[in-house]
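Residue numbers (this note's numbering), protein chains in the order written: chain R, 5 to 124; chain U, 365 to 1064.
Among these hints, one or two may not hold up.
[What the hints assert, rightly or not] Straight-line distance between alpha carbons at most 30 Å, and here's what the computed DSS-like set of lysine-lysine pairs gives: (1) U:754 / R:93; (2) R:93 / U:525; (3) U:1016 / U:992; (4) R:121 / U:527.
[Said to hold, decoys possible] Which chain U residues face chain R? A few, computed with CB under 7 Å, are given here: (5) 375; (6) 379; (7) 381; (8) 412; (9) 417; (10) 419; (11) 420; (12) 530; (13) 532; (14) 535; (15) 593; (16) 860; (17) 1051; (18) 1053; (19) 1054; (20) 1058.
[As the list claims (entries may be wrong)] Label-pair ranges, simulated between beta-carbon atoms: (21) R:76 / U:739: 47 to 53 Å; (22) R:75 / U:397: 44 to 50 Å; (23) R:31 / U:382: 26 to 32 Å; (24) U:665 / R:74: 49 to 55 Å.
Worth flagging that the hints you see were computed from the coordinates, not collected in a lab.
Here a beta-carbon is modelled for each residue, glycine too, at the ideal position from N, C-alpha and C.
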Amino acid sequence: MAKILAVDDSASMRQMVSFTLKGAGFDVTEASDGVEALTKAKSDKYDLVISDVNMPNMDGLTLVGELRKLGEFKFIPILLLTTESSTEKKKEGKAAGATGWIVKPFNPDQLLKTVNKVLG
Amino acid sequence: MAIDISQFLDTFYEESFEGLDIMESELLNLDVGEADVEVINTIFRAAHSIKGGSGTFGLNAVADYTHVMETLLDEMRAGEREVTQNAVDILLRSVDVLRSMLISLKDNEDLDQETISKTHEELTHLLNGGATGTPAEAITASDATAQQSEQADKQQGWTIKFKPHPDMLQTGNDPVRIIRELESLGDVSVEADTSALPEFEMLDPELSYLSWTIHLSGNVAEDDITECFEWVDDECDLSIVATQSIENKTSGEGNVATDKPMIEAAAAPEERRTSDRRQGERRSAPKAAKKPAESTSIRVNINKVDDLINMVGELVITQSMLSQIGGVEDFDTSALERLNDGLSQLEQHTRELQESVMRIRMMPISFAFQRFPRLVHDLSSQLGKQIELKLTGESTELDKTVMEKIGDPLVHLVRNSLDHGIEMPDVRVQNGKDETGIIELNAFHQGGNIVIEIRDDGAGLNKERILNKAIASGIVKEEDNLSDEQVNDLIFAPGFSTAEVVSDVSGRGVGMDVVRRNIRALGGTVEVQSEQGVGSVFTIRLPLTLAILDGQLIRVGEETYIVPLISIIESLQVNPEMMSSVTGAADVYKLRDDYIPIVRLYDVFGIKADSTNISEGLLVVVENEGKKIALFVDELLGQQQVVIKSLETNLKQIDGLSGATILGNGTVALILDINGVMTLYQEVTRASILQDKTEKIIAA
């Protein structure tokens, strides 16, 4: 079972992502900001990280950069949850090392489709 | 898989309200002119979260509204836009509008379109006054893209040349994944070009050396192909060429293959998604109407839950220990000792468990305090006063129900301090004070109570004026010799008002008695200390919880009642000389300078007492709203904390009783409502005086 780390400061978004992915049989760990995500990433292995961009303490872009510095996460897919208005954010995200993005708003089906695509 | 996302709505509302509170308090923190980027960032983040969530959960009105706010805040954050007072005010109003929108949506009520569009207009006006790119233009632009993509040609086959840059793998992108995705669009044949592959010892496994030529056949739109490469468009060399073009019905042009994927085209499917979602929202609207509007949930710190689980664990251990002793066939003295140990452990664990459970209902008082920065900001500018608000002890915890009910009295007291306490800046300067007045809210625990202080450095209470007013309204008599405290206390008297001009800030002065009544209803007290010219302090004392009460157990005949300890002044044995009878029906007891009516509980509740002779029982003197009565009881039992059970939920509301509890021996004891007992007593006395008179008339 693939392990996914879901990072979002918004509890409702986190719940939705987590519920959807768990329902599809994934093993999901939640984190509420970049700092918590990084701590969890250091103590466990994940097959995919899905992270919000705007978060307190450590934002998604910094998180991507920090994760890529860890050996285990060098090639692991990392998806950013971003809003359609922020084309620049997408570019910044790519520059930071993100694999791709999921555009907000999204529904559970779109999320699953993207995750399945990435995890094959 | 269909997932009902409405199950996350409650969480969304909860966090959105929190987000709005954050936005509000940070907006109030924002220094006009030289705004702190971190503060703007925090506000932006809150708006951004609400926008993202509302979009996802299909609340498009909220999403559209926050979009404009977010754009504005983004420009402020980037330093492209000045933070003006006007902008802050509009943003604050927008926070209010958003809050009411969310409340309406939550309660399935209609949105107040007029207010929404008014502030929305203000926002867009502000946004367009200087910045480039209005939302309206943006929509037109994406509409155009959508139309364009509608007309996009479909091709019979494509040749795709895909050459990842060497470091493409390092963003976690996998070429095989992309090829697999293309496979889902149509038939694919792939040729790999391995010519760039170095010698094995030169090979860096972290780099990409391969490139591919992919032939895709089938009726596939170019957009669908570019979407597969969306994440890697700047990490590869890509060409997408139509192998066989067919005439398109709507357009003869545009069949030319493009070398680069188009970002614009990628936006089109999103646009479609958005409109799908909107339809979805409309469909699901009637279903949502079934949901109950009120949220009864509470957010609990995980530590509290863990404590609870620990306590239950301990309890289970104790229980198994006790049942082991119970299972012993020959019960001897050694078992007795262990039984005693077990029982005292059980007692301790039960008490701790009770405390842990109580703590779950406790919330920091910051929930009640957080509305004040805004209130003070708005009112002080309305009144032309300069006021600094200081909050301390915000983490002090209080029962959720008490918190909800103390909100309004607190608001009233703060408004009162703002309006009547703090002077106008020029008056303050004349009196040698700083022109900025200070209002301080402080909360702390003291004994089993929580104390909330509202302190201002304003004019203080004018004792002379209060006294004159009280005499004029007949609350006190001129010859009454009142202490300073008693004079101050008069402001809580019903119908008392000293404000010369009725203001729309703190109203007609009908509030203070209501404030006291509401606080008393919570089992609390409020008092004021004041020094003229220096300021006033209002002190509220509240029980930590409404679910538990410190009670004095009393016995009347076979019944046990509980008197709230907070109402008891003293208990005494009767000195018959101090008793006197008024009109034959009511007895009073002279206690120092007071004559206190004696209330025979057996009479009020119609039960049988051990004795009706006053000198054989005890008097418990209790006070409520400044009035005292002496309850005549047979015996005082112990004092203990009791858990209050509502009578209304199980039976019905009964005059003179506020609830019931279950005692250690399993019997039910009723809790006296002192105010209710006083009313009952008056009725009983009036009836008996009436009967007395009737009998006398008949006898005559």
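- Message: 47 to 53 Å was suggested as the range; check whether the CB atoms of residue 76 of chain R and residue 739 of chain U agree with it.
- Response: holds, 51 Å
- Task: Tell me if residue 379 of chain U is really an interface residue toward chain R, meaning its C-beta lies closer than 7 Å to one of theirs.
- Result: holds, 5 Å
- Message: Min Cβ distance, residue 1053 of chain U to chain R: is it shorter than 7 Å?
- Response: violated, 64 Å
- Task: Using Cβ atoms only, decide whether residue 420 of chain U comes closer than 7 Å to chain R, and label the hint accordingly.
- Result: holds, 4 Å
- Query: CB of residue 665 of chain U to CB of residue 74 of chain R, is that within 49 to 55 Å?
  - Reply: For residue 74 of chain R against residue 665 of chain U, whose Cβ atoms are near 31 Å apart, the range 49 to 55 Å is violated.
- Query: Does residue 530 of chain U pass the interface check with chain R, least Cβ-Cβ distance below 7 Å?
  - Reply: Check failed: Cβ of residue 530 of chain U comes no nearer than 14 Å to chain R, outside 7 Å.
- Residue hint residue 1054 of chain U, partner chain R, criterion CB-CB below 7 Å: Cβ of residue 1054 of chain U sits 64 Å from chain R, so the hint is violated.
- Item | Hint check: 7 Å Cβ-Cβ cutoff, residue 1058 of chain U to chain R | violated, 70 Å
- Evaluation of the interface hint that places residue 1051 of chain U against chain R, nearest CB under 7 Å: Hint on residue 1051 of chain U: violated, closest Cβ of chain R at ~60 Å, above 7 Å.
- Task: Could you check if residue 381 of chain U really has its C-beta closer than 7 Å to a C-beta on chain R?
- Result: violated, 12 Å
- Would you check the hint for residue 93 of chain R and residue 525 of chain U, treating anything up to 30 Å between C-alpha atoms as holding? Status holds; Cα separation ~28 Å.
- Query: Regarding the hint that residue 419 of chain U lies at the interface with chain R, is the smallest CB-CB distance below 7 Å?
  - Reply: Result: holds, 3 Å to nearest chain R Cβ.
Violated hints, listed in ascending order, are 1, 7, 12, 13, 15, 16, 17, 18, 19, 20, 24; each of the other numbered hints is respected by the structure.
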